[in-house]
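*Asks:* Start counting the sequence shown at 1; every next residue gets the next number (UniProt numbering).
Among the hints, erroneous ones may be present.
To be verified - Label-pair restraints from in silico Cβ distances:
#, residue 1, residue 2, range
1, 69, 92, 15 to 23 angstroms
2, 49, 106, 28 to 36 angstroms
3, 49, 102, 31 to 39 angstroms
FYI, nobody ran anything at the bench for these hints, they're computed from the structure. Owing to the predicted nature of the structure, the values given are computational and were not obtained by experimental measurement. For each residue, glycine too, the CB sits at the ideal point set by N, CA and C.
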Amino acid sequence: MPGARAILLNRLGFLHPFALDAGILALALSVTPLALWAQGALPIQFETLTTPGEFTIYFTDLQYSADQVWFVSGSCESASEAAVISVQDYAYSADLTVFLARYAFEADQVVCVANPGQAPQAFWDAYPQK
Numbered sequence: 001m002p003g004a005r006a007i008l009l010n011r012l013g014f015l016h017p018f019a020l021d022a023g024i025l026a027l028a029l030s031v032t033p034l035a036l037w038a039q040g041a042l043p044i045q046f047e048t049l050t051t052p053g054e055f056t057i058y059f060t061d062l063q064y065s066a067d068q069v070w071f072v073s074g075s076c077e078s079a080s081e082a083a084v085i086s087v088q089d090y091a092y093s094a095d096l097t098v099f100l101a102r103y104a105f106e107a108d109q110v111v112c113v114a115n116p117g118q119a120p121q122a123f124w125d126a127y128p129q130k
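Put together the whole structure using the sequences plus the hints.
*Replies:* In structure tokens:
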């Protein structure tokens, strides 16, 4: 059963593609209301002192210079497994450059944040104002 970390690392090109486990889908359909991560949003978690980042992200304000465009659907504090990211101050030191979209249809990936209280200022600076 692939977790959020495996899915995100796969999108970065670190793993081979895999199929969605039918068990996840059946479990997600039985929960009412559906949690954001169960609706297809990939749970991410910002690194903390006890959970170091698995890979690094740089948030850019220029969509054309981003490796990926993400839409943040909200918080998903109940997600059982989240990909832990470390936010960098410079693009050259990051594994992935990300632009945060205002709308989901603009995004390559829909994500939800498992620990919004730990989000660094760089995330909030890049977060689109509606």
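*Asks:* Take the hints in turn and mark each one as holding or not.
*Replies:* To see whether the hints hold, each was checked on the structure:
{"no.": "1", "hint": "69 with 92: 15 to 23 angstroms", "in the structure": "holds, 20 angstroms"}
{"no.": "2", "hint": "49 with 106: 28 to 36 angstroms", "in the structure": "holds, 34 angstroms"}
{"no.": "3", "hint": "49 with 102: 31 to 39 angstroms", "in the structure": "holds, 32 angstroms"}
Checked against the numbered hints listed earlier, the structure breaks none of them; every hint is satisfied.
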